[in-house]
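Asks: Please take these sequences and the hints and turn them into a complete structure.
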Amino acid sequence: MGDLGQVLILAGTVLFAVAGLGLFQFFDVYTRISAVGTAAGLGVALVVVGALCLQPGLSHTVKVAAIVVFQLTTSAVATSAIARAAYLSRAPLRRLSFDQLTPTEPDTRAGEED
4 MGDLGQVLIL
14 AGTVLFAVAG
24 LGLFQFFDVY
34 TRISAVGTAA
44 GLGVALVVVG
54 ALCLQPGLSH
64 TVKVAAIVVF
74 QLTTSAVATS
84 AIARAAYLSR
94 APLRRLSFDQ
104 LTPTEPDTRA
114 GEED
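Residue numbering for the sequence shown follows the working numbering, starting at 4 and increasing by one per position.
Bear in mind the hints are in silico, worked out from the structure with no lab data behind them. Beta carbons are placed, not taken as given, at the ideal position from N, Cα and C, and that holds for glycine. Be a bit skeptical, because a hint or two may be false.
[Said to hold, decoys possible] Ranges of calculated distance between the beta carbons of each label pair, as one might list FRET restraints:
#1 Ser92 / Leu26: 15 to 23 Å
#2 Ala94 / Gln58: 38 to 46 Å
#3 Asp6 / Thr34: 33 to 41 Å
#4 Phe27 / Ala69: 28 to 36 Å
#5 Phe30 / Gly60: 42 to 50 Å
#6 His63 / Ala14: 43 to 51 Å
Replies: Below, the structure is given as structure tokens:
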């Protein structure tokens, strides 16, 4: 069980390191947020579950379950909020092929008959 815990902690640490490299590799704020948000949610979960494997117990299991649920939930919400704030402040995009947040143009043909 101790070896599994160490592997999980190492995997979480590597995930954080790769996300840190992504901050320098990616070109715009949106891809950077995506990399860090994924790493935060999954990396913390891996490290905490790895720590549970090193010190198992019922009380620790309950705490770890709560930590993982809260981390995955808040990481996703925070990532979305930061991305939306960046969008509303008009942070530049590298390339954009489709923008779901831009309001659509009103249909001017709504009253016409075919």
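Asks: Look at each hint and say if it fits the structure.
Replies: Verification of the supplied hints:
A beta carbon spacing of about 19 Å between Ser92 and Leu26 agrees with the range 15 to 23 Å that was offered as a hint. A hinted range of 38 to 46 Å for the beta carbons of Ala94 and Gln58 is consistent with their spacing of about 42 Å. Range check, Asp6 to Thr34: Cβ separation about 35 Å, and the 33 to 41 Å hint holds. Between Phe27 and Ala69 the CB atoms are about 33 Å apart, so this pair conforms to the stated range of 28 to 36 Å.
Checking the proposed 42 to 50 Å range against Phe30 and Gly60 shows it holds: the Cβ atoms sit about 45 Å from each other. Here the CB-CB span from His63 to Ala14 is close to 19 Å, at odds with the stated 43 to 51 Å.
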